[in-house]
Amino acid sequence: MKVVGLTGGIGSGKSTVANMLAELGAYIIDADELARRIVEPGQPAWKEIEKNFGGQILNPDQTLNRKKMAEIVFANPEARKKLESITHPRIGEEMMRELEKAKKEQRKLVVFDAALLIESAAANRLKPLIVVSADEDLRVKRVCGRDRCCAEDVRARIRNQVPDSKRREKADFVIENNGDIDQLREGVSELYRKLID
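The sequence shown: position 106 = 405 (the working numbering), numbered continuously.
Be a bit skeptical, because a hint or two may be false.
Beta-carbon label-pair distances, calculated as ranges [to be verified]:
1. Glu-485 - Glu-339: 36 to 42 Å
2. Thr-362 - Glu-435: 21 to 27 Å
3. Arg-365 - Glu-475: 30 to 36 Å
4. Gly-341 - Cys-449: 34 to 40 Å
5. Gly-354 - Ala-374: 14 to 20 Å
6. Ala-455 - Asn-423: 24 to 30 Å
Computed list of lysine-lysine pairs in DSBU-like fashion (alpha-carbon distance at most 35 Å, straight line) [what the hints assert, rightly or not]:
7. Lys-426 - Lys-301
8. Lys-301 - Lys-465
9. Lys-366 - Lys-440
10. Lys-366 - Lys-493
11. Lys-381 - Lys-301
12. Lys-380 - Lys-493
These are calculated hints, taken from the structure and not from any lab test.
Idealized CB from N, CA, C, for every residue including glycine.
Use the sequences and the hints to build the structure in full.
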């Protein structure tokens, strides 16, 4: 079983590539999904977050108010470290459970899909590393169309992420996503064949 990393900036098409790889037979482990799972009401991470940050970070239905949490941790590096110390080990545990599932299903290829992969220590362990890349103007257009937000907000979010140049330096494979969906599908199929050979 081969375990590879998949990453890309906002609007690059990373999720589309993950979906295409899944259609071809890859087992996808979505880091965002794992992060959501561990903070569901009543889970140990949820309890610890509530204890450390107070009820202000909860919605009326007791789910985590992710927007409020983001405001707190992006304004305070210590708060961010605290949150990461609560969530990262549990995300790691969930990832191990998913790998066990993939092993039981005898999957040839497991893809760990994470937006913040380059920033994490996992980037050095997940080889090969696949980066999905696209021109900034196209990324902005995609996100504005998807999220109904203004271009300035999207550009600010792009600037807050690792630049594509840094991602490319770490990449073993780069999928250029500046064309149409058929071109992307062709590139992903070709990459899938290389990965399972």
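Hint check:
| no. | hint | in the structure |
| --- | --- | --- |
| 1 | Glu-485 - Glu-339: 36 to 42 Å | holds (38 Å) |
| 2 | Thr-362 - Glu-435: 21 to 27 Å | violated (33 Å) |
| 3 | Arg-365 - Glu-475: 30 to 36 Å | holds (31 Å) |
| 4 | Gly-341 - Cys-449: 34 to 40 Å | holds (37 Å) |
| 5 | Gly-354 - Ala-374: 14 to 20 Å | holds (19 Å) |
| 6 | Ala-455 - Asn-423: 24 to 30 Å | holds (29 Å) |
| 7 | Lys-426 - Lys-301 | holds (9 Å) |
| 8 | Lys-301 - Lys-465 | holds (24 Å) |
| 9 | Lys-366 - Lys-440 | holds (23 Å) |
| 10 | Lys-366 - Lys-493 | violated (40 Å) |
| 11 | Lys-381 - Lys-301 | holds (33 Å) |
| 12 | Lys-380 - Lys-493 | violated (38 Å) |
Hints 2, 10 and 12 from the list above are not met by this structure, while the remaining hints are.
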